[in-house]
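**Student:** Quick mapping for you: the protein sequence lines, in order, are chains A and B.
When you read off a place in the first sequence, starting at 1, and then add 8, the result is the number in this note's numbering.
When you read off a place in the second sequence, starting at 1, and then add 8, the result is the number in this note's numbering.
These are computed hints drawn from the structure, not numbers from a lab.
Don't take each hint at face value.
As the list claims (entries may be wrong) - On the chain A side, residues computed to face chain B include the following (Cβ under 7 Å):
id : residue
1  : Leu-24
2  : Gln-27
3  : Thr-31
4  : Ala-37
5  : Val-51
6  : Leu-221
7  : Gly-228
8  : Gly-297
9  : His-302
10 : Ile-312
11 : Lys-315
Predicted model, so just to flag it, every value in this text is computed and none were measured.
Each residue gets a CB set at the ideal place from its N, CA and C atoms; glycine is no exception.
So the chains spell out like this:
2 protein chains.
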Amino acid sequence: MNKVVASIITIGDELLIGQVIDTNSAWMAQELNKYGIWVARRVAVGDVWDDIWLALDEESRRSSIILITGGLGPTADDITKPLLNKYFGGKMIIDEKALDNVKWIFERVLKRPMIDRNLRQAEVPDSCTVIPNKRGTAPGMWFEREGRIFVSMPGVPHEMKGMMTDDILPTLRERFQLPYIAHRTLLTAGIGESFLAEHIKTFEEALPASIKLAYLPNYGMVRLRLTIRGGDPNDTATAETLLQQRFDTLKGLVAEWMVTDEDISLQEAIGRLLKTHGKTLGTAESCTGGYIAHLITSIPGSSIYYKGSIVSYANEVKMHSLGVSAGTIAAHGAVSEETVREMIHGALTGLDTDYAIATSGIMGPDGGTPDKPVGTVWIAVGNRQNILAQKFSFRFDRLRNIELTATNALNLLRKFIVSPAQ
Amino acid sequence: MNKVVASIITIGDELLIGQVIDTNSAWMAQELNKYGIWVARRVAVGDVWDDIWLALDEESRRSSIILITGGLGPTADDITKPLLNKYFGGKMIIDEKALDNVKWIFERVLKRPMIDRNLRQAEVPDSCTVIPNKRGTAPGMWFEREGRIFVSMPGVPHEMKGMMTDDILPTLRERFQLPYIAHRTLLTAGIGESFLAEHIKTFEEALPASIKLAYLPNYGMVRLRLTIRGGDPNDTATAETLLQQRFDTLKGLVAEWMVTDEDISLQEAIGRLLKTHGKTLGTAESCTGGYIAHLITSIPGSSIYYKGSIVSYANEVKMHSLGVSAGTIAAHGAVSEETVREMIHGALTGLDTDYAIATSGIMGPDGGTPDKPVGTVWIAVGNRQNILAQKFSFRFDRLRNIELTATNALNLLRKFIVSPAQ
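Excised from the complex, chain A in its bound form (with noise of 0.2 Å):
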């Protein structure tokens, strides 16, 4: 069986002159890899015809399956689709379930009336497939020529998801004989990926070729992920039971630093952790600036576990909603052990929670003092029996350091939950 080979083509000014940040790429290499397609190559090009051309003459060289985003908003430059046309041959013209669509989401969706513009998002090329966007008014493109498939999407992230999703991945699985690909996932924090590999170095020597090891480090933490590829199709068990033989074995060899053994983030392993054992938990943050905060309420369910954050950027608030005392920030300051401590207790009274975090440090570029440079960092984390405080000191910039404070803080309350007394 052949590898199946994927292109991903990416249209716009935008992302060249870097105002936007290319998310739908990552999401798509994610859904096509776990139906076994390779994305092997992602290009970028902006909205210049003879760019746009080349790019599709290159990738349809090595690839078996183009994908294109973006090029097809109302304010484009009117290059893409003219493009298409051109190049697979024809002409345009509107379709009339497209343009039902267009007029139905002003109508409906958007109660304002419509333009000439709005309007000419209707338009397709004769010679493609229309996919329908049940999210917006540009419709999808399927063309196919010399056994190549190639397929234009809008560049709006939720728009691109629900076509892929609905429409692309499906008839994808269906074109082609896709090997069979399964991956294991396990998030390991507190070890540096180069000490990690040295630790598995026997380990990873050892794997069969069918098995890839990857390192994925983000955030002071890394993901470890197994993937097998390829067997007998009509024999997925064993590649299966295979798989999760070297899984278990590496799951025992890094069980000192495992997070979780699942595909899934810290703040999910968390929720988990607390609906198993019916606890709640609420936050008092300071430096992290409710970001604790939200890396736990993007989880859908995660009122069920969590009840709140006090964030308490200015000293006054930490007195006055968490009960910290004014003493102890004049004799130990903001950024101490004793503060972090202080405001557990605030928030396990005032939030009514089982368990509580704190975060008090200088995220920098300015704040910093000798004693407590940029990047000191108190994180406390407790229950009403017990509460353990650490200080961490980051070296990075303020965003990285609220990130990196977020997920040791995180990191720490699972430890703490799993054994409190340490």
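Starting from the known structure of chain A, arrange chain B on it as the hints suggest.
**Tutor:** For chain B alone, kept in the frame of chain A given last:
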């Protein structure tokens, strides 16, 4: 003067399996653009010898500058550095300064013993000029061939950014005769991209060839950017005057929707407004779960005007920490005008601020009812004299609903500060 064109090549399987979102390219493109270097293509390839080699060949055919990130970490598959060594000819040597840097980082910063894998980070092809990495162990490499410049950098964002800022950008600026380039950016909210385009169509069509207008939609807002390029580098004043005139005209045309006439975020614009007026802000967040607080506290110096947030995810916290009455919640529900109005009172009093923002809504995927479907949100903004409440209906996924609520809440506050009696 020729246009100086660059390509960005990102190396790493993690980009092609979608586990990492590429934020480096957008940042690099922005910085290069400021200096008048145009990024024509961005290509992502995996840790595959032939793919990297081909990308170098292809991009050097069209660009004078090829910037490469990734493929240099301690667990990378040892492909990129040997490949660059072969591509440019030469042999691998230990760079003494890079070696000292690796040793220094392990002894002083990480305070851990080194392993052989770490020492190998100091190996470089002798055909390159080494670019010091002040923030990590992998040095950068500068190669030149047939008038093309190739720069290889680590993929870790803050390491790459440090190298670009300290060394690469200043050197490129010296080496190339760069065209004069200048931008003016404004941010609008409350008008769709297509309507904005229609509204300023005549203005756009009358722009001289040297000035380009870009539409950059983002979370219910649209950024408009005017860019002037070229002109006599010895007479930049003429170009500046021309650009400013057109920008002033544009500002007049979109005054109704303009959030700021600077290239800053909405939360930065609000920070400046609050500082100018000498006022403070607090937030009471239910459905946004701390995200508004996070946006505000991402801005350095926000502690001057921002006091904190009561993230009242649970109704008890709305009652206990914000003083929302049980009767109000029972009669109207947590997602209601009455509740967000009481939350404003609670935030103004509890956090002792001049202004407050309150949000309550159903972000999905669950929790909707026929009366209040997923996406129903009440937002209020106010001070001690006046409260303004507004209902919104979003129709996206959880994260986008949170982001849109935050954006609309911040914009509502901005309008309220500028003109409180509406």
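**Student:** All hints are to be evaluated individually against the structure, with a verdict given for each.
**Tutor:** Going through the hints against the structure:
1. Given hint, Leu-24(A) at the interface with chain B, holds; its Cβ is 5 Å from that chain's nearest Cβ, closer than 7 Å.
2. At about 5 Å, the closest approach between the beta carbon of Gln-27(A) and any beta carbon in chain B falls short of 7 Å, and the interface hint on this residue holds.
3. Annotation: interface hint on Thr-31(A) holds; nearest CB of chain B at approximately 5 Å, less than 7 Å.
4. Taking 7 Å as the C-beta cut-off, the interface hint given for Ala-37(A) holds, the closest approach to chain B being about 3 Å.
5. With a least beta-carbon distance of about 5 Å to chain B, the hint placing Val-51(A) at the interface is held under the 7 Å criterion.
6. Given hint, Leu-221(A) at the interface with chain B, is violated; its Cβ is 9 Å from that chain's nearest Cβ, farther than 7 Å.
7. With a least beta-carbon distance of about 12 Å to chain B, the hint placing Gly-228(A) at the interface is violated under the 7 Å criterion.
8. At about 3 Å, the closest approach between the beta carbon of Gly-297(A) and any beta carbon in chain B falls short of 7 Å, and the interface hint on this residue holds.
9. Taking 7 Å as the C-beta cut-off, the interface hint given for His-302(A) holds, the closest approach to chain B being about 4 Å.
10. Interface hint status for Ile-312(A): violated, as the beta-carbon distance to the closest one in chain B is roughly 10 Å, over 7 Å.
11. Among the interface hints, the one on Lys-315(A) holds; its C-beta lies about 4 Å from the nearest C-beta in chain B, closer than the 7 Å criterion.
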